[in-house]
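Novice: What follows is each chain in one-letter form.
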Amino acid sequence: MSASLPSLGYGLGLRSEYYQQILEQSPAVDWFEVISENYLVQGGKALYYLDAIAERYPLVMHGVSLSIGGPHALDIDYLKQLKQLSERIHPAWISDHLCWSRGNAHQLHDLLPLPYTEESLYHVAGRVRQVQDVLQRPLVLENVSSYVRSKANEFTEWEFLNALTHLTGCQLLLDVNNVYVSSRNHGFDAWTFIHNLPPESIRQLHLAGHMDYGDYVIDTHDHPVCDPVWALYQQTLEHLGPVSTLLERDDHFPPFQELLDELSKARELGASALDRRALCA
Amino acid sequence: MRLIDWQLAFEQHLLAEMSTASNSFSATLIGGPTLDVETGLAIYHNAYHARLQEVLRDDFSAVWYWLGDEEFAQLGSAYIRRYPSAHYSLRWFGERFPGFIVEHYAEQGAPLAELARLEWAFTLAFDAPQGEPLTLQDMASLPPEDWPGLRVQLAPSVQQVTCDFNSLGIWRASKGEWDFPGSEALPLAQVCLVWRHQNVCQYRSLEAAEASALTGMVTRGWSFSELCAELAVTYQEGAPLQAVTWLKQWVQEGLLQRRAP
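Order-wise, the sequence lines are chains A and B. Be aware that the first sequence starts at 1, since it is given in the numbering used here, and climbs by one per residue. Be aware that the second sequence starts at 1, since it is given in the numbering used here, and climbs by one per residue.
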């Protein structure tokens, strides 16, 4: 079994803290993922650096505001802005999250979990098709970390993701850390989640750190990746073959070299997982 | 429960002042082996409020410096309740904060609201459209016969804040992490300009004569020769020199672009 989508290699989340060093040092990063909303502006420093970095590296757009499962109408103006940005920087793909982030009238600015029901499935699937019509490309959706589950669930999260890719042709951004966080919080087996996703739909992997409070885990992106997540990542690559891998950091930003060292670790662990996969083939 | 009703109940939980959810909403949820529903819901509630408070601290750091942690957090909480976020980007969440300060503190809030307006002006200047600011090179290549009729407007990033108080002094003290200088009314109101030049935000206050000349050109639509004529009242034969001096400075600073004829 192997992922059929070509890999961009090992990338970093583009954050303003590192703009200048990226331009000055041209670090050995295969690609950068940009938070779309940070660049849906009309001018200024962020767009200046984005254009300069887009000339040197492949980019991917990652959004946090689509609210694909929300109760409101899709924000067509937002989608058009996304499309315009994509015409400016030509991302390899555009992703967001399988969640909702806007309520009835207010923006909630969080990646809120959905009930995994037939009603949710058809609600989301119809909206994914609308988004894909505007963007004219498959949407890539990420599994989120969660801290509560709906009693009404009729599917597991991985069954829901399978059904959604089947209904819409959307692709998946598998966040290995989020699987780990949710598995700890909800008491399911992380590998069962990953093993049951459709490999041919997995476009990208995310790696990040979290805060472990013992009884529960919170997805904070403010620490290095922990050992159990590295192990799960290796198992994932051994199963899928090469998949574009992205290291995220959103707080407690370390010196840039530390992040580059962590990305090198991902490369080394990824290479050894792929070697094992080749031996077993 | 229908999906939409469940989501609205979740939204109500996040917007509520307290992190304890209603029993009827909690009853629709399951916890994990060691994460109970109440804690799970509190994680979401805390994250919602902490994220918005962080945005306000970032965008209004001088107001925060003035008020201190506790009072700023109380003001922030009241703002979050009064004006929940309506834009998909957190960049716009603070848009109504200066006006809210006036609502919240009434007249006593005027100096604080002015400081918030000044801070918001930096936010606006930061990512405003670039426009096509005039350069000294543009001016050098302007044919002599075009000078008298030259008309200009402000570049898109330029924000003007009228200050009745020492807001700029307080803002500087906050950036320098100096002791709070105290709030004072200015003897004369001053216009403070905030703009972006070569991707860096700039600011300076204008003396009344310069502010009046700039307003004449960018708001009232004076041409360069009209500016000279207006300045002649005060500067007599020195008016053209004063007009050129200011115009050169404004162009050097990236404040102006040409107004379409």
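Quick caveat, the hints were computed from the structure, so don't treat them as lab data. Among the hints, a few may not be true.
[To be verified] Here are a few chain B residues that sit away from chain A, every Cβ distance over 10 angstroms (derived from the structure): (1) E17; (2) L29; (3) G31; (4) V37; (5) T39; (6) Q130; (7) G149; (8) E207; (9) T245.
[Unchecked claim] Simulated pairs of lysine-lysine, DSS-like, Cα-Cα distance not exceeding 27 angstroms: (10) A:K83 x A:K45; (11) B:K248 x A:K80; (12) A:K45 x A:K80; (13) B:K248 x A:K265.
Think of the CB as a built atom: it goes at the ideal place given N, C-alpha and C, for glycine as much as any other residue.
Novice: Now look at each hint and say whether the structure bears it out.
Specialist: Now for the hints, and whether the structure bears them out:
1. E17: About 15 angstroms separates E17 (chain B) from the closest Cβ of chain A, which puts it past 10 angstroms; holds.
2. L29: 5 angstroms, violated
3. G31: Contrary to the label, G31 (chain B) does not stay out of reach of chain A, its closest Cβ about 7 angstroms off (not over 10 angstroms).
4. V37: Incorrect as stated: the minimum Cβ-Cβ distance to chain A is 6 angstroms, not above 10 angstroms.
5. T39: Its Cβ does come within 10 angstroms of chain A, the nearest being 7 angstroms, so this is violated.
6. Q130: 4 angstroms, violated
7. G149: 29 angstroms, holds
8. E207: Since the minimum Cβ distance to chain A is about 29 angstroms, E207 (chain B) lies beyond 10 angstroms and the statement holds.
9. T245: 29 angstroms, holds
10. A:K83 x A:K45: Measuring from Cα to Cα gives roughly 21 angstroms; hence the hint holds.
11. B:K248 x A:K80: 40 angstroms, violated
12. A:K45 x A:K80: 22 angstroms, holds
13. B:K248 x A:K265: Violated, at roughly 55 angstroms.
Of the hints listed earlier, those the structure fails to meet are numbers 2, 3, 4, 5, 6, 11, 13, in rising order.
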